[in-house]
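**Student:** Single-letter residue listing:
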Amino acid sequence: MVVSMDALRVEARYAPGDILQLWKRNMLAYRRQPDLLVFSTIQPVMFVLLFAYVFGGAIQTGPVDYIDFLLPGILAQSVLFGSTQTGVGLAVDVTSGMIDRYRTLPMARSAVVAGRILADTTRNVFVVGLMLGVGFLIGFRYHGTVAGAIAMPFVAVLFGQTFCWISAAIGTSVRRAETAQVASFVWLFPLVFVSSVFVPVETMPDWLEVVAENSPVTHTVNAMRGLALGTDFWEPLVKALGWMAGIMAVFVPLAVWRYRSIQ
Amino acid sequence: MADGSNGSSSIVVVRDVHKSFGDVHALAGVSLEIERGTVLGLLGPNGAGKTTLVRVLTTLLDPDEGSATVAGYDVRRERTRVRPLIGLAGQSAAIDDTLTGRENLEMVANLYHMGRAMAASRAGELLGRFDLLEAADRAARTYSGGMRRRLDLAASLVADPEVLFLDEPTTGLDPQARLELWTVIRELVATGTTVLLTTQYLEEADQLADEIVVIDHGRIIAQGTAADLKARSGGEHLTVRVSDLAALDEVRQVLEAEGDGPPTVDETTGTVSVAVSNGPARLAGVVRRLDEAEVAIADIGLRQPTLDEVFLSLTGHRAEGEPAGTSTGAG
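Residue numbers (the working numbering), protein chains in the order written: chain A, 878 to 1140; chain B, 393 to 723.
These are calculated hints, taken from the structure and not from any lab test. On a predicted model such as this, the values are computed, not experimentally measured, just so you know. Virtual Cβ for every residue (Gly too), placed ideally from N, Cα, C. There's no promise every hint is true.
As the list claims (entries may be wrong) - For the chain A half of the interface with chain B, some residues (derived, Cβ under 10 Å), not all of them:
hint, residue
1, L897
2, L899
3, S987
4, V1133
5, R1135
Generate the whole structure from the sequences, applying the supplied hints.
**Tutor:** Written out as structure tokens, the structure reads:
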């Protein structure tokens, strides 16, 4: 694969506009595929309601109401599960030949993956907003500063965006929608459940607690909780941002490389 | 015209291109040239290497060895120069099912960086030209097979390409849709677009191409006009079918006398067939002689040699149908 100066010039000149075109295309697709919309909205809302009412009574979270404990966690869980759609969408584009169409056009190569992730992040903004709304209806309240209240959902969206790059690397590697879906959930489920998303990590067996305590999911959720509840958030936030930077440093180049090697 | 050619009349030049996928030599040293404003038909069975060559020429695939240029630009080193000059339609390309026909074309136009107003007017113009105006604002997933191919073709023409690559444009279409697409392709050629067309059908290449290149196992095995190729495979065939199998021998004798070679007899279908030149005159002669011999003819006709027969005469083996390749296949 030869990367010429010409190719770099094309990227620099056309990437912003082309990313916007691909974003628009993916947003239209979301609006017109009811199954995707259901997956993106009804499922997270159902999770909020199920966990709040079914597990809420059984899980002890000390002085904090379970819904106040739960909502930041479940926001993180939703953006993580939602990130699988990046890889699935890219794999569909490979199978359908859409990627071939793009690759014969004089467009910025980066726009296909970046436009996809921008659309998935837009969807995450919507999903996070919807879940916050549902949360408020069933008793979730902020206890911290206004800045913390604004920052909390922002951290969730940033976290989701980070995992979209992992998903993109998977989707451009396996190149089949079903495989991309399975290849994502296989590690996402343990990652989400072995963390502070649903329960305090102290309730886990020692060996599992060690894993959970160092998970990027736990750091992110703890930071979000700190921001929402007005408790300490700096340490988990710094660790969470460190994880996100590390993941991006590995998976952005990996996704780009995998995308470029599609022939 | 802003291109890198040196006054040569060939707009596509392929020199000794090799491409392997593992042990499969999809292209084993292919060289060809396409003259500006002409149609080259690349004829071969599944797995012959047709799609691989198209993918190399449209910058989708790097060749292992050899070189290829489009309008003087190298398809590997200067792909950003090649891309604005080409269009690709057929099995290698695609349209987005969730978008409408109009949105598909506008998106492609925008990705050619045409500007919003220009993109809209170009999309409208192409929808009209390909008889898709009525369906323009419906999702492409509701389109019939023929409509999808027309939209795909329209998308490949958005930027008025100098070279159009049509990869098996009519495979899987019903005869009516195929004829419609042929008409569209002929109109394009009339406007001076250079076309590389791949096909499994000799008839399609015959109908559309100025020159035909026959490819098998990644090698070019014959090259010429449709008439050349047909002549080399025994020209037209005259076939007679009878319902009374006892009359087969009588028919064989008549065809042996009228035809240009030994007739082939198929007892299961009751048909006898022979290569002929000057078919219509021979047909009249055969009818007269069979009538005199009081043989009842169930069916009689002249037909072009099939790809199978061309292959048989050119290579000595039948065209092997391999499963159609995936996006990385050697199709």
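**Student:** Against each hint, give a clear statement of whether it holds in the structure.
**Tutor:** Cross-check of the supplied hints:
1. Look at A:L897: its Cβ gets to within about 9 Å of chain B, closer than 10 Å, so that hint holds up.
2. Given hint, A:L899 at the interface with chain B, holds; its Cβ is 8 Å from that chain's nearest Cβ, closer than 10 Å.
3. For A:S987, the interface hint is violated, the least distance from its beta-carbon to any beta-carbon of chain B being 13 Å, above 10 Å.
4. Taking 10 Å as the C-beta cut-off, the interface hint given for A:V1133 is violated, the closest approach to chain B being about 17 Å.
5. Checking A:R1135 against chain B: minimum C-beta separation of about 14 Å lies over 10 Å; hint violated.
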